[in-house]
Amino acid sequence: MKVFIVLAHPDPRSLNASMAKYSVEVLEAAGYEVKVSDLYAMKFKSFLDGEDFTEHNSEERLNIFKESLLAYKNGTQTPDVIAEQEKMKWADVTVGAPASQYSPRGIAGPIDDLLFPINHGILYYPGYDVLPPFVLYHTFPGAVDDKRFVEIQAAMKERLLSLDTTEPIAYRKQNHGDYTMPDLELKPGLEQQGETGFNMHVIKS
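Residue 32 in full-length UniProt numbering sits at position 32 of the sequence shown, and the numbers go up by one each step.
Among the hints, a few may not be true.
[Stated by the list, open to error] In silico EDC-like links for lysine to aspartate or glutamate, alpha-carbon gap of 20 Å or less:
#, residue 1, residue 2
1, K87, D164
2, K73, E84
3, K35, D112
[Said to hold, decoys possible] Ranges between beta-carbon positions, derived for each pair:
#, residue 1, residue 2, range
4, L69, D145, 44 to 52 Å
5, Q101, L186, 41 to 49 Å
6, K73, D145, 47 to 55 Å
7, P126, N57, 23 to 31 Å
8, K73, Q193, 43 to 51 Å
Hints are computed from structural coordinates only; laboratory data are not their basis. Note that the Cβ used here is the ideal one computed from N, Cα and C, for glycine as well.
Start from the sequences and build out the full structure, keeping to the hints where you can.
Structure follows, in structure tokens:
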């Protein structure tokens with residue numbers, strides 16, 4: 001299996017960086033192929049503007065959707081974007097506060113809701129299978145001692161070695177009868193009793 005890890009943390013001594021390094025060690029020892037993009041180390045451009053579209057006429061309004069589509073079709077995307085897209089194509093798998101803050105009553109909201117625009121809108125929409133997230137809570141500096149770090153490593157190892165057997169999130173398919181057309185609203189009665197929000201777009205077994 002080919003795994004692509006994206007690291008986005010400015011400190012190479014952080015927990016994020018440590019877990020990325022550990023993930024590479026575990027996966028490679030298990031025979032996986034691994035590629036890593038350390039966005040801060042790469043100084044990867046984090047915003048989008050006209051310079052990202054080499055064929056865009058600067059005298060015209062920048063239509064991001066149109067220019068992105070044309071650049072992809074014409075093969076005129078910038079080299080840094082092409083390189084990362086090639087890693088996504090290469091890969092079979094990609095990865096990246098107290099838990100109570102991310103509960104249904106937590107101030108930040110359910111973690112699955114926060115990740116929905118990424119998991120569903122960015123990854124699932126173009127065809128990726130999305131696995132349930134592996135989330136670590138309460139990891140600010142000083143919160144993770146040696147004992148907990150070992151526990152985190154064990155949990156991470158268990159998750160990494162079960163990537164190929166973990167069931168992906170069962171998102172509903174857009175054009176398979178669950179949604180009205182062309183409005184793309186979930187048809188009444190398909191949700192569970194009292195179910196609202198993003199949960200309605202996941203098929204329950």
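Here is what the structure says about each hint:
1. This hinted pair checks out: K87 and D164 have alpha carbons roughly 19 Å apart, not beyond 20 Å.
2. A threshold of 20 Å between alpha carbons decides the hint, and for K73 with E84 the separation of about 16 Å falls inside it, so the pair holds.
3. Taking the CA atoms of K35 and D112, the gap is near 26 Å; set against the 20 Å cutoff, the hint is violated.
4. Taken as a hint, the range 44 to 52 Å holds for the pair L69 and D145, whose Cβ atoms sit roughly 49 Å apart.
5. For the pair Q101 and L186, the beta carbons lie near 28 Å from each other, so the given range of 41 to 49 Å is not met.
6. The supplied range of 47 to 55 Å is met by K73 and D145, whose beta-carbon atoms lie about 52 Å from each other.
7. Separated by about 28 Å at the C-beta atoms, P126 and N57 satisfy the suggested range of 23 to 31 Å.
8. Between K73 and Q193, the C-beta spacing of about 45 Å keeps the proposed range 43 to 51 Å intact.
In summary, the numbered hints that this structure violates are 3 and 5.
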